[in-house]
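**Student:** Use these hints to put chain B onto chain A, whose structure you have.
Going down the list, the sequences are from chains A and B. Counting along the first sequence from 1, when you hit position 351 you're at 351 in our numbering, and nothing is skipped either side. Counting along the second sequence from 1, when you hit position 185 you're at 185 in our numbering, and nothing is skipped either side.
Just so you know, these hints were derived from the structure itself, not from any lab. One or more of the hints may lead you astray.
[As the list claims (entries may be wrong)] Under the rule of at most 27 Å between Cα atoms (straight-line distance), these lysine-lysine pairs were calculated in the DSSO-like manner:
1. B/Lys299 <-> A/Lys74
2. A/Lys289 <-> A/Lys364
3. A/Lys299 <-> B/Lys73
4. B/Lys74 <-> A/Lys331
5. A/Lys331 <-> B/Lys331
6. B/Lys74 <-> A/Lys329
7. B/Lys331 <-> A/Lys74
8. B/Lys329 <-> A/Lys73
9. A/Lys73 <-> B/Lys331
10. A/Lys329 <-> B/Lys331
11. A/Lys329 <-> B/Lys73
12. A/Lys299 <-> B/Lys74
13. B/Lys329 <-> A/Lys331
There are 2 protein chains.
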Amino acid sequence: MAQYRLIKTDGLAKSAEFTTVHGTVQTPVFMNVGTVGAIKGAVSTEDLERIGTQIELSNTYHLHVRPGDEVVKKMGGLHRFMSWDRPILTDSGGFQVFSLADLRKIKEEGVTFHSHIDGRLIFMGPEESMTIQSNLGSTIAMAFDECPPSTAERSYVDQSVARTSRWLVRCKNRMNELNSREDTVNPHQLLFGINQGAIYPDIRISHAKEITELDLDGYAIGGLAVGETHEQMYDILDHVVPYLPQDKPTYLMGVGTPANILEGIDRGVDFFDCVYPSRNGRHGHVYTKYGHLNLFNAKYELDSRPIEEGCGCPACTRYSRAYIRHLMKAKEMLGMRLCTLHNLYFYNNLVADAREAIREGRYKAFKKMKLEGFAAGEQG
Amino acid sequence: MAQYRLIKTDGLAKSAEFTTVHGTVQTPVFMNVGTVGAIKGAVSTEDLERIGTQIELSNTYHLHVRPGDEVVKKMGGLHRFMSWDRPILTDSGGFQVFSLADLRKIKEEGVTFHSHIDGRLIFMGPEESMTIQSNLGSTIAMAFDECPPSTAERSYVDQSVARTSRWLVRCKNRMNELNSREDTVNPHQLLFGINQGAIYPDIRISHAKEITELDLDGYAIGGLAVGETHEQMYDILDHVVPYLPQDKPTYLMGVGTPANILEGIDRGVDFFDCVYPSRNGRHGHVYTKYGHLNLFNAKYELDSRPIEEGCGCPACTRYSRAYIRHLMKAKEMLGMRLCTLHNLYFYNNLVADAREAIREGRYKAFKKMKLEGFAAGEQG
Numbered sequence: 001m002a003q004y005r006l007i008k009t010d011g012l013a014k015s016a017e018f019t020t021v022h023g024t025v026q027t028p029v030f031m032n033v034g035t036v037g038a039i040k041g042a043v044s045t046e047d048l049e050r051i052g053t054q055i056e057l058s059n060t061y062h063l064h065v066r067p068g069d070e071v072v073k074k075m076g077g078l079h080r081f082m083s084w085d086r087p088i089l090t091d092s093g094g095f096q097v098f099s100l101a102d103l104r105k106i107k108e109e110g111v112t113f114h115s116h117i118d119g120r121l122i123f124m125g126p127e128e129s130m131t132i133q134s135n136l137g138s139t140i141a142m143a144f145d146e147c148p149p150s151t152a153e154r155s156y157v158d159q160s161v162a163r164t165s166r167w168l169v170r171c172k173n174r175m176n177e178l179n180s181r182e183d184t185v186n187p188h189q190l191l192f193g194i195n196q197g198a199i200y201p202d203i204r205i206s207h208a209k210e211i212t213e214l215d216l217d218g219y220a221i222g223g224l225a226v227g228e229t230h231e232q233m234y235d236i237l238d239h240v241v242p243y244l245p246q247d248k249p250t251y252l253m254g255v256g257t258p259a260n261i262l263e264g265i266d267r268g269v270d271f272f273d274c275v276y277p278s279r280n281g282r283h284g285h286v287y288t289k290y291g292h293l294n295l296f297n298a299k300y301e302l303d304s305r306p307i308e309e310g311c312g313c314p315a316c317t318r319y320s321r322a323y324i325r326h327l328m329k330a331k332e333m334l335g336m337r338l339c340t341l342h343n344l345y346f347y348n349n350l351v352a353d354a355r356e357a358i359r360e361g362r363y364k365a366f367k368k369m370k371l372e373g374f375a376a377g378e379q380g
Numbered sequence: 001m002a003q004y005r006l007i008k009t010d011g012l013a014k015s016a017e018f019t020t021v022h023g024t025v026q027t028p029v030f031m032n033v034g035t036v037g038a039i040k041g042a043v044s045t046e047d048l049e050r051i052g053t054q055i056e057l058s059n060t061y062h063l064h065v066r067p068g069d070e071v072v073k074k075m076g077g078l079h080r081f082m083s084w085d086r087p088i089l090t091d092s093g094g095f096q097v098f099s100l101a102d103l104r105k106i107k108e109e110g111v112t113f114h115s116h117i118d119g120r121l122i123f124m125g126p127e128e129s130m131t132i133q134s135n136l137g138s139t140i141a142m143a144f145d146e147c148p149p150s151t152a153e154r155s156y157v158d159q160s161v162a163r164t165s166r167w168l169v170r171c172k173n174r175m176n177e178l179n180s181r182e183d184t185v186n187p188h189q190l191l192f193g194i195n196q197g198a199i200y201p202d203i204r205i206s207h208a209k210e211i212t213e214l215d216l217d218g219y220a221i222g223g224l225a226v227g228e229t230h231e232q233m234y235d236i237l238d239h240v241v242p243y244l245p246q247d248k249p250t251y252l253m254g255v256g257t258p259a260n261i262l263e264g265i266d267r268g269v270d271f272f273d274c275v276y277p278s279r280n281g282r283h284g285h286v287y288t289k290y291g292h293l294n295l296f297n298a299k300y301e302l303d304s305r306p307i308e309e310g311c312g313c314p315a316c317t318r319y320s321r322a323y324i325r326h327l328m329k330a331k332e333m334l335g336m337r338l339c340t341l342h343n344l345y346f347y348n349n350l351v352a353d354a355r356e357a358i359r360e361g362r363y364k365a366f367k368k369m370k371l372e373g374f375a376a377g378e379q380g
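Bound-form chain A, shown alone (with noise of 0.2 Å):
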């Protein structure tokens, strides 16, 4: 059902077009984050469609715990329950399994755990992944893999990359058999698969040989900016992209800065997905072409100026830095709704540049003036 449309590559970056049942995404793309149906801070899907976003992520594992995925299916499923029509990528549930669940044991048949909210015990596998994921209907299903740590030692990554493998092979054949069932919510979720393999080339490059054979709608880089330095991420990017699909969304998952992204797109990524731009805006850390501005400084006590002279967001058209520095020292959740939408839109609006950019062929030289711009400090 999905049709991933090259429209132009500039480099290695590229720009396309993805078509799925639920609309078509133009990439590079950055996918908003909206771990429960909900993007924190207070931002609803309505507010989603006017500041520019693609595409909405959901978090499996919280979703299952809460309101329940069986609730959510009653519901229609996760796009008529949160009302929104556009596309929806939900994780696997793995990462937040492996990073804020207790008591974890990971065995052949997945991954035992105790929930956060009331603590009762829950087994998640590579089916259980999927079935949730069938109930919430997402747009994008993503493959139940372990997510080891970028420190973590050679061997025991590669015992961890050759499960992730054999999980992904039980992802494909759950999926294609939920897909078919009557009753599904959404008969063409699509699945993508996910790259491991820790800062190791060589297990890196092996398994997304090993992943790429099965077929599947886009692939994901997973278990990267999760401790390495920013230099070893941009490495693993070179070392592998070029082993995914030319053909197929190329997804870098949990990443990262503005510029992290520029240098993403730059070496042939097309999705991003990252919590920065909500969770900093929820503590008055804002982007703007100049490097980011914390609004707690005593500097903004009487600055009338935007966040960002010249943004279109719905906080920089009619509020005032001052303004927004006084709710977030009130504490008034206005204040961090409002830093959120400008991140928001900051990150989808970069990435809508970057677009351009590529499109009309001139990629590095707006990368370099990105980069420079953010590294100068705010001006005046």
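**Tutor:** This is chain B only, laid out in the frame that chain A set:
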């Protein structure tokens, strides 16, 4: 500068147009409370325009301690600071001083207290309250009064009301002086006096007569909804409203439930404010024509209906009870925002309907129909 044009009376209920330098308010009106220059629940002034808010109320005490009224003045006044060009009413700070602040000492000059933010010692009397409100540049300033509890002894209330009268003269004098200063934010700032007297009708009436002689821009009834029964409140309104000028706004401070507001209107009140819609919204309590719902209730888990069928608010036009319940349970700010928007819309709409009913001479029937609906409980 202000003009109160009575459009229609229906029994004691009145509907008017109150024209100020910041635009015209149609009464009866419900003022939406934005304590620190923002409505709690991540509601912005842009949202207020959308949900039919005519006039916003902010709290002098809170803005004085943070960000400071001098800061607001330097930013061009509260209207510019919060980006709201319609009327704003500021309270006097008195109520908060008597209810929030520590170690208060009441003297003839005013009150000494500790800030609830940083503990610093602050003195506020009639002149200070007028100066702060002048710095904020609100459309309507409220007189600085003492608000004795409705359960206070008669002898205490007698003394307190006499002092409030002396303070009112000082408020009027200072406001006249401030309005004529060259650097004032709003040279047309209005002043409303406040009637006190706990639940002693004779004290209320003699105080009403006394303050009416000062020929202020409007009159409020303070010190109700602070411990007495609803019947006692209505009884006081029955006694005192006839002694307040018919050709000026009558404002019942801090009241109340939808039923309280309908009863207040029926007794001649035309301005109201209350934190109920926003505070209750943040706790998942939402209003409907059939009474209020607690969205935490398990019966809404799979309820695909909006909070209220037919409601035109930003929550009901797009999201289900089941979704908003999930957000509330997951402690997502968006849940609080949607419930708050619905509740404020509900209140704004209720008084708009009351206005129409008065202007069409059918207020008694309207009130009866509404009160029966609220008492009916949820349908289905």
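**Student:** Would you pick out the hints that fail for this structure and give their numbers low to high?
**Tutor:** none
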